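J.: Let chain A serve as the given structure and place chains B, C and D on it in line with the hints.
These protein sequence lines are chains A, B, C and D, in that order. According to my numbering, the first sequence is numbered sequentially starting from -12. According to my numbering, the second sequence is numbered sequentially starting from 65. According to my numbering, the third sequence is numbered sequentially starting from 78. According to my numbering, the fourth sequence is numbered sequentially starting from 78.
In case anyone wonders, no lab produced these hints; they're calculated from the structure. Remember, predicted model here, so these are calculated numbers, not experimental data. Among the clues, some could well be false.
The calculated label-pair distances, taken between Cβ atoms and stated as ranges, are [unchecked claim]:
(1) B/242 x D/144: 14 to 24 Å
(2) D/129 x B/223: 17 to 27 Å
(3) A/358 x B/227: 15 to 25 Å
(4) A/122 x C/727: 34 to 44 Å
C-beta: ideal position from N, C-alpha, C; glycine also.
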Amino acid sequence: MNFFALLKDFLLQFLGLFKNLETLPVECMRLLREFLTKLGELCGITMPQWALDTVSALVLIVAILVTFLVLFALMSVFERKLLARAQNRYGPNRVGPFGLFQPVADGIKMLTKEDLVPRAADKVVHYLAPIVMVAPALMLPVFLPFGRGMVAVDLSVGILAFFALGAGTELAVFMAGWASNNKYSILGAMRAIAQMISYELPLVTSALVVALVAGTLSPTGIAEAQSGYFCGFLPKWFVCTPWGFAACVLFYIGALSESNRCPFDLPEGESEIIAGHLTEYSGFKYAIFFMAEYVGMFAVNGLLVTLFLGGYNAPFPFLEWVPTWCWFFIKLWAVALSMVWVRTTLPRFRIDQMMQFAWKFLLPMSFVTLLAAAAWYYAGQGPKAWMSPAAWSASALIVLLSYLLLGTFCFTRRHSATNRRYLFSE
Amino acid sequence: MHALFQKIAALPWDQLPQWLFLIPGLLMLLAAFAAVCLRNLIHSALCVVLSFICLGVLFMALGAEFVGFVQLLVYVGAVAMLILFAILLTPASEVQASNNPLSNFRLSSALHAAAGAAVSFLVLAGLLAAIAFSPRAANAELPAQPAAAPVALIGENLLTYTLLPLLGIAVLLTAALVGAALIAKEDSKS
Amino acid sequence: MDNIVSIAAVLVPLLPLLAAGITAFLKREQRGLSATLVITAQAIACATSLYLLLVAMCEDHGEPGIVHQFFNFPWLTFGNQTLQLGLVLDPLSAGMAAMVSFVSLLIFIYSLGYMHDDRNFTRFFTFLGLFSGAMLGVVLSNSLLLTFVAWELVGLASYLLIGFWFHKHSASAAAKKAFLTTRVGDMGFLIGMFWLYKASGTLLFYDNGAGCLEQTALTTLAHTLAGGMAVSNIIALLIFCGAAGKSGQFPLHVWLPDAMEGPTPVSALIHAATMVAAGVYLVARVFPIFTATGPHSSALVVVACIGAFTALFAALIAVGQWDIKRILAYSTVSQLGFMMLALGVGSVAAAMLHLLAHAFFKALLFLGAGSVIHGVHEEQDIRNMGGLWRKMPTTFLTYTVGMLALAGFPLFFSGFWTKDAILHEAHLWTVSQAPFYMAVAAAFLTAFYMTRQMMYVFFGSYRGNAAHPHESPAVMTVPLVILAAAAILMSLPATPAWPWYEKFLAGHAPSFLPAALFEPGFLQIAATSAAIVFFGIGLGWLIYGRRPLGDTDPLQTVAAPVFRALTNRLYVDEIYEATVIRGLRVLGRVMAWVDRQIVAGAVRAVAWLSFLVSAISNGMDRFLINFGFDSSCNALREYGGGIASCEGGRVQGYLRVLGIGIVVLLGLVAWLLA
Amino acid sequence: MMLQILLAISAALFALGLLAALTRRNAIMVLIGIELMLGAGNLNFISFWKFSAHPETITGVMFAIFSIAIAAAEAAVGLAIVIQVHRRLHSVDVNEANQLKG
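The following block holds chain A by itself, in its conformation from the complex (with noise of 0.2 Å):
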C-alpha cells in the first residue's frame, strides 16, 4: 500500500461520514488518529501515543480557534448591521456581499496601522497585556461541550476551569491600564476591574446554582442532565425552572457585565474616559483586545447555553434530527444576537448604580436562586423535581418573594442626585 493508496482510502472514508451530520466532527478525529497510525505503519514506526495525542489536539486547537475566530468575524459585521438597522442605517455594504468581508478589510486594516507605544508607559507590561488578555480568552471556548460527544477537554471541574481561566480578564485589564501610564487609562482599569469583581459573584454563584441541581461541575455532565423532555414534549432545560429563570437572568446579566457590554461598557465609556485601559492600544493589540473581548463573550455565551439552554439538546422530539452542535451554535447565535439587542435598546448605567445593582440585587439574589435551587431538589426528591408540585411551588414561591422583596428594597430612590458618588471618577 503505498501513500496515495491511503489518502484516498481516508478521503472515501471521510465522504462516507457526511452521511450522519450528527457524529461528523468526532469520527472526523478518530479518523485522523487512524490516519496517522496507518502513515506510521506506513513508514515503518509504531505511533507513540503521546504523539497521537499531541497531533490531535493540535488540530482540536486550530478547529476551535478557527472556530471563535469566524464567529467573531461575523459577529462584528452582524452587530454592526444590526445597530445600523436599529439607528435607521444600511451599516457596512460596501465590502462582499452585504458587506459580510467587512472584517477582512478591518483585519487589513488594523495590522497595517502603526503601534503606537506611549513614550513613559511601561513597554514590557504594555506589550504583555493584549497576550495576558487573549491566551485564558482562547482557552475557553475548549471547556464547552458544543454537540453530543463533543467537547474538547471533558473535565470534570469544568465550570470551575472555566472560572479560574476567566479570572486572567482581571490582570491583563489592569495590566493594560497601569502599564499605559495614563489616568484615564489607570481609572478605566479601575472600574473594569470593581465592575468584574462585582459581577463575578454573581455569575459563579448563579452557575453554582446549576452545579448544585445537576450534582456535577462537568459542562458536559450538566448538559446531559438536560437532555430529555418532560410531559412528553417540554424541554427539560434548567431555564424553565423558577429557580433556572432567575439564575439565567442573573447569569446573562452578569456574562452581560464580564463582557463589558453595553449596559455595563463604562470601562470603555468614550464619553466619559476615552476609551479606558484601551486609550493607549492602537492597531493590532488594540485588535487582539476587541477579539479576546468577543472570544470571552462568545465563550460566556456558550457557558449559558450548556448551563440553562439545555446545552446542544433539541428543544423538542420533533426537533432532534438536526445535529447537536447545530443547536449548540444556533442558541449561542441567539443569545449573542440577544446582547446586540440589548446594546441598541439599553443606556448605560451610572457607576455607582451598576456597583448597587451588583451588591445590592445580584448578589442577594444568586444567593435566593441557590436557595430555590436547594428547595426544588428537596421538595422534588432530586431529579424527580420535574413532575413534583411541591418543588415547582416551593421554588417559584422562593424566587417570586425574594424578588419583589429586593426589588422594593434596592430600587426606591432613596439618595437621589443629591448623594451621589462617582467611584474612580474624581
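T.: Just chains B, C and D, lined up with the frame of chain A:
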C-alpha cells in the same frame, strides 16, 4: 548522527509526561526569584502572579486539578487583584524617603538585606539537606493507583470528615471579610 | 365546675384587679380612661357574677343538699405537700358575689359624680378596682389561704381609701388606726389558719370530701382536744377574731367610726355594704367549723354574746353623735352585731339575709348622706343642717326609704323582715334569752336615733352657713333611686311567706308558704318588733320633731352626764389609750433601751474586734507582702526592660529569628535521628 | 527521586518567600513573601498526597484547599491593615510601624 538519533529514540519517552511538571515548577521558581529581586512593585506583583499560575499548573500536573483551579481562581482572581489594588492605594510605597534615619543609612540597609539573605539561605540549605538525607523521600514510590481527587469525593469529604473545619473556614472568611472592610474603612474624622 | 363556669369565676375577681393594675400606670390626667376602664371591668364582673348566681340557682334541682362547685389549682409545692388555691361557687358565695359586684358597680358610678373635682380621681378608681377585685376574691375563694390573701388585700384597699385624703391629718390617722386595729384581729385569723392547716392538713374548703369544711375533717377537728377544748372551737374563735376585727365587733369596733374620714362612696361601699360584712361572710363560710361540736358550741355562744352586746352598745353610742356619717357608722356596727347574733344563734340564712338587705339600705343611707354633704358644701354636722327636704327632694325621699328600712318599719321595708327573722331566731335560742332582749333594745334605739337624725337633717329650718343647699346631679341620684328600690324589693325573698333565700342557701327548692305569716311565734315577734319601732319613731318625733332644734340636744338637758358619755363614745378610745397604747409605749421604751445598751454594745465590740484584726492584717500587708512584692516588681521591671529591647517592633527581625529557629530545629531533629 | 525534586522545588519556593519577607521593607512585599511560603506549603501537601500509600483518602488535597482559603483571608486582612497603616503613617515600611516597641 544515526547513533544519536537511536540514543534519543531509546530514551524513556513514555515517561515524559510525568516529568512535564518540571516546566511549571522551574518557571515558578524563576518568577518567584524575579519577584523578590525586581525593584518595581507592580512588576514584582505580576511576577508573583505568574508564579502563582505556575503553582496552579503544577498542582494540576500532579493530579490535583481541583486544587489547581482553586489556586488559579483564588490567587489570580482575588489575591493578585487585592495586592495590585493595595499597591495602587498606597502611593510611594516603594521605600525611598523614610523618616527612620536608620533605614536611610545605606550600610544598615545592606546589612539588613544581607542578614535576611543569609537566614533564608540557611533555611534553604537546611531544608535541602533534610530532603536529601531523608530516606523516606528518597524511597518514595508512586502508588500503583495514580493519585486522583475527583470533585465528588472532595465534596463528600468536605461535608463529612472536614465538616467542622469547613464551618470554621466559613466563619473565618466571613470574619475576615467584615474585618478587612472595617479596617480599611476610612476614619470618619479624617 | 365545668370550664366556662370556672373561667367566669376566675374572671369575676380578676377583671377589676386587672383594670386596677392598668389604671395604676395611667397618668393623673387620664381621668376618663381610668374611670371607663374600672367601671367597664366592674360591669362585666357584675354581669358575670349574675351569671354565676344563675348557674348556682339552676344547679340544685333534683337531690336536696347544697351543691358546692369548686375549681382548685396547685399554687405552691414544697416537699411532698402542695398548697392549693381555688374558687368555689355555691349559694352563699354566688349571692354574696352578686350583691358585692352590683353594689360596687352602683357606687363606682356614684363616685363619678362625687369625686368629680378631685385631683386624684385616677388614683381613686385604681383603689376602687383593687378593692372590688379583692373583695370578690374573698367571696369566691375556696381556700382559707386565698381568703386570707384577699382579706389582707381588702384591708390594704380599705387603708388606702380611708387615707385617700392623706393630707388631712385625721384621715391618715384614721387609716392607720383602721389598719392596726384590724391587724389585731387578723393575727387571730392567721393563727387559726395555721392551726387549721396543722389539724386538718388542708386549707381548701371543699375538695371532694377532703376539704376542711367537709365531714372527715370536721369530725377530726371536733374530736381533737387542746387544753380541754375541741380544736374546732378554738380555731373557730381565732377565725372569729379576724371577723370581729373586720366587722367592727365590740372590742375592735373603734376603727370603724373613724374610717368615715374617707370619701363618702368609700364609706358606703367598704364601711357599710361590703367589706365590713366580710367578717360576717367569713363566719358564715366557715360555719361548719363553728358547729362541728354541735349547734350550741362554745364558739357560737361567744359569737352570739358579742354580737348582741355590740348591737346594743353601738346603738347607744349612735344616739349621742353629731356627725351624720358617724351616726351611720355606729348604726353599721350595731347592725353587724345583729348579724353576728344571728350567726351565733345558728341561723346563717337570717344573718346573710340581713347582710344583703343591710348592704343595700346602708349603702343607700351613706350615699344619701354623701348627697346631703355634697349639697350643703362638705358640712357633716347635723346641727348645721335642717329643712333640706324641700331643697333635695330626691335625696330626701330615698333617704327616708333607707331610714325606714334600717329602723325596721313594718311590712314594706326589707329591714323589718330581716331584723324580724333575727329576733325570731334569737328568741328561739335555748341557751339564753339575754341576747334577745339586748337585740330588742337595740332595735328600739335604732328607730330612735334614725328619727333623730331625720329630724335634724331634713326637717325644721335650715341652720347651716353654706348659702344654697342644692340637689345632687343625676349621676348621684340615680344610684340612690336604684338602691331605694332594691331596699324595698329585698323584703320579698325575706318574708317567711316566701323564704326563697333560706331555701336557696339550704339547697332546697323554693316554696310559697303564706301560712308562715300567721304562725303565732312569728306574729308575736313581728308585733313586738313593730311596736318597738313605732315606739322608737314616736319617741324620736316627740323629742325632736315638735320644736325648733338648736346646738344642744334635748336629751342633754335631761341627763347631761349620760349624753356626754355617749358623745364621747363611752370612752372606749380613752380606755385603750390609757391601757393598751400606754403599755405598748412602755414596752417600746424597754425595747429601745435593750437595743441601745445591749445589742449596740455587742455590735460595737464586734466592730472593735474587726478593727483590731484589720490593723494586724494591715501590718502584715505593709511589712511582709508589700516588701516582697515591691522588690520582685522592681526586679521584673529592670529585667523586663532588657528583654523588651529585643521587641523592637521590627517584624522582619522576628521573622529572622524564626528562620534561625527553623534551622536549629532541623539540626536538632537531624541530630536526634542520627 | 521525583518526590525529592518536588520537595526541593517547594523548599526553594519557601526560601524565596522567606527572602522576600526578610529583605524587602515594603509591607506588601512581606505579605507576598508569606503568600509564597504558604504556596510552598501547599505544594508539599500535594506532593506528599501524590506519593502517599493511600491517595484515595484525599487528606493532602483537603489540607491544601483549607490552606488556600485561609491564605485568602489572611491576604485580605493583611492588605487592609497595610492600607490603614499607610493612612496613619504615610508609609508602608514595616520598620516604621514600631510605635508599640518596649
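J.: Could you run down the list of hints and mark each one as holding or not?
T.: Do the hints match the structure? See the list:
1. B/242 x D/144: 14 to 24 Å: Taking Cβ atoms as reference, residue 242 of chain B and residue 144 of chain D lie about 22 Å apart, which means the hint holds.
2. D/129 x B/223: 17 to 27 Å: Holds: the Cβ-Cβ distance is about 22 Å, inside 17 to 27 Å.
3. A/358 x B/227: 15 to 25 Å: This hint holds: roughly 20 Å between Cβ atoms.
4. A/122 x C/727: 34 to 44 Å: holds, 42 Å
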